[in-house]
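These protein sequence lines are chains E and A, in that order.
Read left to right, the first sequence gives residues 1 to 151 (the working numbering).
Read left to right, the second sequence gives residues 152 to 269 (the working numbering).
Hints listed in this document are in silico derivations from the structure and should not be mistaken for laboratory results.
Being a predicted model, the structure only gives us computed values, none of them experimental.
Please note: incorrect hints may appear among the correct ones.
[As the list claims (entries may be wrong)] Below, simulated PhoX-like cross-link-like pairs (lysine-lysine); rule was C-alpha separation at most 20 Å, straight line:
1) A:Lys247 x A:Lys153
2) A:Lys266 x A:Lys153
3) E:Lys18 x A:Lys266
4) E:Lys71 x A:Lys168
5) A:Lys168 x A:Lys247
6) A:Lys264 x E:Lys18
7) A:Lys264 x A:Lys229
8) A:Lys153 x A:Lys193
9) A:Lys264 x A:Lys153
[As the list claims (entries may be wrong)] If we take Cβ atoms under 8 Å as the criterion, some of the chain E residues that face chain A in the derived model are:
10) Pro36
11) Phe37
12) Lys39
13) Asp41
14) Ala87
15) Ala96
16) Leu106
17) Ile110
18) Leu112
19) Ile116
20) Ile117
Quick reminder that beta carbons are idealized off the backbone N, C-alpha and C, glycines included.
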Amino acid sequence: MNVAYINPFIAATVACYKNMMDAEPTQGAPVIKREPFPKYDISGIIGLSGGAQGSISLCYPMQSALATVSKMVGVPITEAGVDLADAIGEIANIVAGFAKRDLAGLNLSISLPNVIISNHVLSGLSGVPTVIVPFTCSLGPFAMEISLKTS
Amino acid sequence: MKVLLVDDSVTMRRIQKTQIGNLGVTEIVEAGDGQEALGVLKNNMPVDLVLLDWNMPIMDGITFLKTVRADATYKDVKIVMCTSESEKSRVVEALKSGANNYIVKPFTPEALKEKLGL
Ligand SMILES: [Mg+2]
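Modelling step: build the complete structure from the supplied sequences, incorporating the hints.
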């Protein structure tokens, strides 16, 4: 996986938080995902297809997700229900779509969001390394997982 | 002024509703996909402005846009795309298909105000 493909997703995440949450997440060093895999409480997942195949996920502990979405919609969201899932899915959609602008050469299409709520690990495409980018933020920590196969 | 919000994300419609409401718009109707939006548009005419997502289930935004632009009944309805689809080719396709303007998510309240001309 070409690391140059990761930067647009990082920039898109920062732009999303700035514009929609008025927050400035700080990116940690990207790492190749290895066992034991990190566990999350809620993840928004977007499938990528076209000139490359894979997925991009935004992954949260519950406290971070609730704080982030509450800030985004401007009212307190206190439970892990449909409102939370919808918002996390839309954040993933915004990040994936915005990153495409800097990846126009790949001619990517993005899927509708899928959201997982419950303590889970994510698995990427088999045979393709997944890169994890950790973020710290005033709204709580979260991570991005990217798995992208370019031919 | 009556505005139709079309987005599959309830969260996004909620944000748009708040921001457009803050700009003084009180008549707001909503739909979660293009198919539903065709019905909501028909039943709520005259609609002045449609804020339109691209990626939605059942019928996407570009199909809705082309369908509406093919019908003279709706020639005065202003349609502004509001989508995460950010490539230039997508913007060009939407404008060629009859969109009046294009907002890329993530947007600020200021950008929304400016692009909607409110
Ligand atoms: Mg959408």
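*Which hint numbers does the structure go against, in order from smallest to largest?*
Structure breaks hints 1, 5, 10, 11, 12, 13, 16, 19, 20.
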